[in-house]
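A.B. asks: Below, each chain spelled out in residue letters.
Number of protein chains: 2
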Amino acid sequence: MAQKWVYAFEEGDATMRNLLGGKGCNLAEMTRIGLPVPPGFTVTTEACIAYMNTGKFPEGMWEEVLAHVDALNKKTGKEFANDANPLLVSIRSGARESMPGMMDTILNVGLTPGAVETMGKKFNDMRFAWDLYRRLIQMYSKVVLDVPGEEFEEIIDEERARIGAESDAQMTAEGWRRCADRFMKLAEKHTGKPFPQDPYKQLELGIEAVFKSWNGKRAVDYRNHYGYPHTWGTAANIVTMVYGNIADGVSGTGVAFTRNPATGEKKFYGEYLLNAQGEDVVSGARTPTEVSGLAKEIPQAWDDLMEVARILEEHYRETQDIEFTIESGKLWMLQTRSGKRTAASAVKIAVDMVDEGLITPAEAVARISPDMIDQMLHPRFDEEVLKKTTPLAKGLNASPGAAVGKVYFDADTAEAKSKEGEPVILVRPLTEPSDVHGMLAAKGILTAEGGATSHAAVVARQLGKPCVAGCADIKINLEKKFFSVNQTVVKEGDYISLNGAKGTVYVGQLPVVAPKLEEQTELLKILGWADEIRRLMVWANADDEQQAARARSYGAQGIGLCRTEHMFLGERTQLFQNYILAADPDTKQKALDKLAELQHDDFYGIFRAMDGLPVIIRLIDPPLHEFLPARDELKVDVALGHERGEDVSEKEFLLHKAEELAEFNPMLGLRGIRLGIMMPDVTLMQVHAIISAACDAAKDGYDVHPEIMIPLTAHINELKLLQTVLEDEARKVMAAKGVAVDYKFGTMIEIPRAAITAREIAGLAQFFSFGTNDLTQMTYGISRDDAERHFLLQYVEKGILPKNPFQTIDRDGVGALMKMAVADGRATRPDLEVGICGEHGGDPDSIDFCHLIGLNYVSCSPFRVPVARLAAAHAALREKGWERLGELGVRDPHRK
Amino acid sequence: MAQKWVYAFEEGDATMRNLLGGKGCNLAEMTRIGLPVPPGFTVTTEACIAYMNTGKFPEGMWEEVLAHVDALNKKTGKEFANDANPLLVSIRSGARESMPGMMDTILNVGLTPGAVETMGKKFNDMRFAWDLYRRLIQMYSKVVLDVPGEEFEEIIDEERARIGAESDAQMTAEGWRRCADRFMKLAEKHTGKPFPQDPYKQLELGIEAVFKSWNGKRAVDYRNHYGYPHTWGTAANIVTMVYGNIADGVSGTGVAFTRNPATGEKKFYGEYLLNAQGEDVVSGARTPTEVSGLAKEIPQAWDDLMEVARILEEHYRETQDIEFTIESGKLWMLQTRSGKRTAASAVKIAVDMVDEGLITPAEAVARISPDMIDQMLHPRFDEEVLKKTTPLAKGLNASPGAAVGKVYFDADTAEAKSKEGEPVILVRPLTEPSDVHGMLAAKGILTAEGGATSHAAVVARQLGKPCVAGCADIKINLEKKFFSVNQTVVKEGDYISLNGAKGTVYVGQLPVVAPKLEEQTELLKILGWADEIRRLMVWANADDEQQAARARSYGAQGIGLCRTEHMFLGERTQLFQNYILAADPDTKQKALDKLAELQHDDFYGIFRAMDGLPVIIRLIDPPLHEFLPARDELKVDVALGHERGEDVSEKEFLLHKAEELAEFNPMLGLRGIRLGIMMPDVTLMQVHAIISAACDAAKDGYDVHPEIMIPLTAHINELKLLQTVLEDEARKVMAAKGVAVDYKFGTMIEIPRAAITAREIAGLAQFFSFGTNDLTQMTYGISRDDAERHFLLQYVEKGILPKNPFQTIDRDGVGALMKMAVADGRATRPDLEVGICGEHGGDPDSIDFCHLIGLNYVSCSPFRVPVARLAAAHAALREKGWERLGELGVRDPHRK
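Quick mapping for you: the protein sequence lines, in order, are chains A and B. Counting in this note's numbering, the first sequence runs from 7 upward without gaps. Counting in this note's numbering, the second sequence runs from 7 upward without gaps.
These are computed hints drawn from the structure, not numbers from a lab. Just to be clear, a hint being listed does not mean it is correct.
Since copy identity is lost for identical chains, a pair holds within one copy or between any two.
Restricting the straight-line Cα-Cα distance to at most 27 Å, the calculated cross-link-like pairs of lysine-lysine (DSS-like) are [unchecked claim]:
#1 Lys663 / Lys641
#2 Lys497 / Lys508
#3 Lys743 / Lys600
#4 Lys804 / Lys663
#5 Lys705 / Lys738
#6 Lys487 / Lys641
#7 Lys273 / Lys346
#8 Lys423 / Lys663
#9 Lys423 / Lys743
#10 Lys393 / Lys199
#11 Lys128 / Lys663
#12 Lys486 / Lys641
Fair warning: this is a prediction, and the values are worked out from it, not measured in the lab.
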């Protein structure tokens, strides 16, 4: 059977998202459940892909389109390409995932001068008819014929001036007719051909243009940013035109959310314009009215809209973002989709919907992305300071959050400055899709125009960036690069602060504070449900009591990595240098004894904070030369000292030591367990401090679970040797203290050989902890300190590597070793405790992998613990199959 | 059934080596085939192990010993512990492998004062009888009672002086009696107990002492050195005494080889002493007589001995090292074993025995160890001269061979002087890649630092040049150009001689002799047989035509690694620096064009030398900063220049570039394929040179098989990218030349991830070549440049690592990855060509592993090719089972 390229709305449903695109499948779904959708049909994404591959429509597609146009004629009682009873349509793009504003739409296709006359007569409104026509020519010329948009705006301005119209609303029929006329000439001038008056030609070229827009620069950039495949393609939706721009007082158009997308409040939220087509609302050219105004203006349509909203939420069990048009009092639905929203509103909506019985807790958890938690816990302005500070200006609270940065007025400069490390605020009259790279680079966005659903607002919310939109107080001078509010002038490079939650703008830099998890009750509910779902434990990396306490308050179930060498920094560096540099054992031992005391207290504090929970303490890892001054600087100092005749004996001694300890490849050098074997006294000191602190804490009533971790094991014999030394010391300490504490002995798996020989190593080690940072360096043969500077980022940019393997675990390479090590280790020791303590432990995709290969826990930085709790729950849901969550046309939203 | 701990000689045979030890099993074997062996029995190695574990004889062992003593009484007609007709025995140690002199033997056990009288009367020789007795007390006291040996020698000296005897031979019966008396008192003084006169007590303690000697310091050290397990244990052989020290003119004792162990000549070879016990010959106290003298002295015994020798060689099909005693004209055999021999004699004997029909060619091949070939092919110093000369210093025997030359302290001067025709020895603290031109020019290399796998050692072995590394005795003064050892000063231009095989350094010129492979007809025969046996091909690493030709003459079947960056050294470094430093593309391209010309000629030469054979050429591998001056030196120069007010702009520019290229861990940095991707022009230049040279050589009638190898691949996408670039260039060159050459495209497998993802990589790569050097560094997390200095050698010494993984492939770790990569690669591409080009390619144990996992070839330095040919044959024989070779009690002699 030949492939089917076109589906009438009656033929599709919400599960056909991949084939019909998001817009198309939802128009079909709404049609299916009886909501008022103008008749139409969808040309599939597969047709688009075929077109992109061959440069022409696939065989049979155009014939199907023609058949569906015929069907439309029948359904509507009008006729396409018949000036006496014209059927007009829009052509709307729509890919699998929403890509707002990235692709093209053309309205009023099928209009010709003859049809204009008919329409004018039918609606008794020639101004409306000519307006439709000039809109067709304007959009079509821009989208299909590539005529620059500004030239149309100039013509409109001239024609408005001619008749003294202050706005488009004051334009006359004649004015729009003249515009249409001049537009056609303009198009002909640019293309060398007359504007196509054949409706079928318009339709054909229009569908082609929509297909082509899939590979337009904006769309490609957008997909690159979000990691969407370029092979999806877009569908083209052909929809019977309905008109919100008839001047009968009961026509209009609007966009709305079934709940507030900024706060999550359960209140219909949106805007509308009377006498307008959809683009008028979205473009921000006219300032729209709050949607509830419709209740008075067109009460029947308002009631219908409320009913539709109720049905949609119950049907989709999700808050919806809708577009509607009211034509002469009759409501038409032009789009519905899941409403984009802020992190806070997403959490509130999810929790509310569980309370309302619309969704299950698991569905609520599934709907929150790890990014959202990150956003909610991100710093915001200090409330006390806000109270005392007067805003410079106020606009719409388009996207919440606190942003502090320097003002830049165009996307390119914003991007460039951001790359130089400056915090940037992008300030624009309005944003457009071509500004997205500047928005990506910015800490926050401020626009003078546009509403809560303007491009700036929508994209900012999606990016999780603070945005104040439609801030009419500010007067922007793009040329001279400043903006002013009354007498205050803010120049390029000046600092401002944006409070996205309130829509306020401040001069200068306001102090920010981190929000407290314990105050975010809805988020705590989500995390609580996540905890019930997940199988992976979440532990944290913490090097002192304060960090440990914070981690615990964020839900950490243990400490997966306490780096003891961090305890040698600061004031203690000198002590450790004394140890390294001393020639006589006495001085060495004295330095160690003092360090042992200090470390004892460090450990005691951590055990206290983690009362009842496991604490993994890693013995010293870095090479000793890290604790000495840099060798090349010493060399220069010594050479200069000689030249100047100064006494450099001390420097020379340091240099000598530094040379002795220097390594060509320190990453692969004398560190970790190798240090422990070559210099057992440091290891002994550390074990002494750990066990004695544990004994003391146990005596004081704390429930201690120390786990001693050896870094950098490559061969079982290393572990064997060190374990003997270490257990002897532990026994001695416990005997001296008169307390026994139950401790574990284990190792990091961070050298490929350790992973390969896990079967043997698990014979001695009671636990494994993957150090995926080093494991990635060695498995991939990449020095992280060097590679990002020299080639790694370019590799990722060029697509040579799908992802930066230091951010997300390389499943095929490093992951294969991990998987092998877990299986082999547990073959020897079925109850082997296995976790991960590298940075990957806080990365959702890596957490998913850790879940899949059966780790016991991931350990991440304290601030990432809530993110990891959620990601671990997602991993469990994903493994079972998101489909089982029972959502309509459900996809895995958190995996790219 | 209870375990059997004791075997009469009649009960054993040569295959029971592990249970009875080497001596025991061969005494049994000789007994079995009817040769004259004094009756006796063997207490097993298992009894020894049981004794070591528990500190006492295992249950039932002593009873078995007693039963076998009774049997001996019957066989000999004498009676143990009966003074009237005493049976005396010796107790002799004997482990699985010969450990000459490492363990203990006690003679004349069972003797008492009463028995002495009987013996004296029986042989009519009281001097003989008392001599036996004093020997028993002396040996027994030393071995069993731990009395210091010197004190006995002092007593003998005193007693000799008393009667004016100049030697032991002049001692009287009374003298020996007095000695025996004083010896007993000495023993009693030391032990507080009278010397045991109960023969059974003597026997019991004697067996215990032999068992204990297994764990004596000497024996333990010996086993550590040779890598023998400490768990083998030794057997104890109880042998009826026969006497070579009866003063009847027809008694004596001797040791002999059935063929000459130094030359291999088929001539009975050995020494004897009349009127002596075995220890007298071995100890060297009396000067023995050449064995053929027996033919006149005791003709019948000589004839018997010749017959025994013939039988033994025919039976064992191997040259034998024997011990015999003649008691009153009757020949007794006390030991036989395979004769240790020099490399040259081993080869000659093996070939002769094939000619004689005694053994098969496969057995001959099996008998030659790889070390022997190495010894035979390296130039060496005259042994006679060495014996008489004291070394100046001693370091590591990093690369064998003899080198004589004048000392130079930097590579440039070394090269210059060599060009002037001087023989040069390069002396450096350490060598680096930038010294290679000096090493190439030198006859030998001496370094003060660095281990057996330091740069100097590795490159020297590769070049087949003698090298003494890590010679800490020498203090080098680079500035003043001399080195000193204590008071001796060696200045630039002075002659020294290096003995690489021993790691010794001599002042002046020692005479050398250089063997030539083509002149060693017997060795060529062995290698020819080896070639017929082996499955692995042997290729060589060669960087120029001369090396390639040499490799071919040594039997190489291809070039497995041609390192193109070696072609950037010497005079060409400046050209490549021009490329690196130039800012404008023109200058860069000019430098590359010139290099392309030079490389073309290099490749042409190699193709010519390898006419008909494959040549793998690796594209540039090392990081660029290796071609610039060292960064820290530049830093010092710039700082000093500033201080002095000099113009340092040029140095600053170099420093700037060096900083830009600097890496923390260059081993894991921007090199190999990463360079090829980030700077494709160098790659293009190289591919251009390779393909154009191949085309030109093909036009000139050579049969060329170039294989282009990409180093450091980690991800399939890297290869994909480079392959496209490279194949385009190759196509272009071939089109321009009008010739098509068949080339292969492949990659090194030297990053763990490449091995792990071999299945994918083999989809693109037509061949794999394991770079086990880097693969070991990354899999093991060990930087070779650093580790030997800091911990690796100590690790091997302490037994933490069984072997240095850079010398012998770590089968459990690195080897596991290799095995996986071979299997996975061939799953994708069944005809995938897989080889190894790291240094391991010349290591016999690693070659064995390469054979087992199914590699196609090993590639090693030209000088190692004969060794590898033999080792590859051994691998094939080992896989089939050495036992099938049909040798008696055969063991795998070449594997530890």
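A.B. asks: Now tell me, hint by hint, if it's right for this structure.
C.D. replies: Evaluated hints:
| no. | hint | verdict |
| --- | --- | --- |
| 1 | Lys663 / Lys641 | both (12 Å within a copy, 19 Å between copies) |
| 2 | Lys497 / Lys508 | within (23 Å within a copy, 79 Å between copies) |
| 3 | Lys743 / Lys600 | within (19 Å within a copy, 76 Å between copies) |
| 4 | Lys804 / Lys663 | between (43 Å within a copy, 25 Å between copies) |
| 5 | Lys705 / Lys738 | within (17 Å within a copy, 80 Å between copies) |
| 6 | Lys487 / Lys641 | both (24 Å within a copy, 22 Å between copies) |
| 7 | Lys273 / Lys346 | within (15 Å within a copy, 98 Å between copies) |
| 8 | Lys423 / Lys663 | between (32 Å within a copy, 26 Å between copies) |
| 9 | Lys423 / Lys743 | neither (41 Å within a copy, 51 Å between copies) |
| 10 | Lys393 / Lys199 | neither (47 Å within a copy, 101 Å between copies) |
| 11 | Lys128 / Lys663 | neither (95 Å within a copy, 77 Å between copies) |
| 12 | Lys486 / Lys641 | both (23 Å within a copy, 21 Å between copies) |
Hint compliance for this structure: hints 9, 10 and 11 are not met, and every other hint is.
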